[in-house]
Amino acid sequence: MRIQTKFFGDVELYLDQRWTFPKGIPGFEDEKEFALLPIENNSTFQVLQSTTDRDIALIVANPYLLVENYSFDIDEPTIELLTIKEAEDIFVLAVLTLKDPFETSTINLQAPVIFQSKSKTAKQMLINDTAFSIRHTIGTQDTAIQGEA
85 MRIQTKFFGD
95 VELYLDQRWT
105 FPKGIPGFED
115 EKEFALLPIE
125 NNSTFQVLQS
135 TTDRDIALIV
145 ANPYLLVENY
155 SFDIDEPTIE
165 LLTIKEAEDI
175 FVLAVLTLKD
185 PFETSTINLQ
195 APVIFQSKSK
205 TAKQMLINDT
215 AFSIRHTIGT
225 QDTAIQGEA
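For the sequence shown, our numbering begins at 85 and goes up steadily by one.
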């Protein structure tokens, strides 16, 4: 399958890159299928690209690599929706807002995206832990690593 993307133009999409969001993503509830695309020469960041709307693309990263002491519990509705049985079946990414300079970019720690590897389903889960911000600056002192530019 070929798709048009916001950052990479026309790309060939492989099955292992496709993810179904049964309820869409907050703000994009009608978008149910996304692709997780690597960024060349950058292992920290990826693009979560809608497969039907080239303009809907989010930069995502593993929040555990960027923020020390990040943790949360997955709520029961998410466990049920994604049929999560084992911790090994999931991985977590968070949405970034890129800014110039890069160190002022932010990561949304209040709405992690949970991916269930076996079913190829995902959900952006809203958490209400005030210890974490929706606009956590990447360049703050508790950032574990600096992103690759």
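Just so you know, these hints were derived from the structure itself, not from any lab.
All figures in this text were calculated on a predicted structure; none of them were measured in a lab.
Wrong hints could be hidden among the right ones.
[Stated by the list, open to error] Taking CB as the label site, the calculated pair distances span:
#1 G108 <-> S201: 39 to 45 Å
#2 I123 <-> M85: 16 to 22 Å
#3 T214 <-> G93: 39 to 45 Å
We put the beta carbon where it would ideally sit given N, CA and C, even for glycine.
Hints versus structure:
Evaluation of the 39 to 45 Å hint for G108 and S201 yields a failure: the beta carbon distance comes to about 20 Å. Taking the beta carbon of each, I123 and M85 are about 20 Å apart, inside 16 to 22 Å as hinted. A hinted range of 39 to 45 Å for the beta carbons of T214 and G93 is consistent with their spacing of about 41 Å.
In this structure, the one hint that does not hold is number 1.
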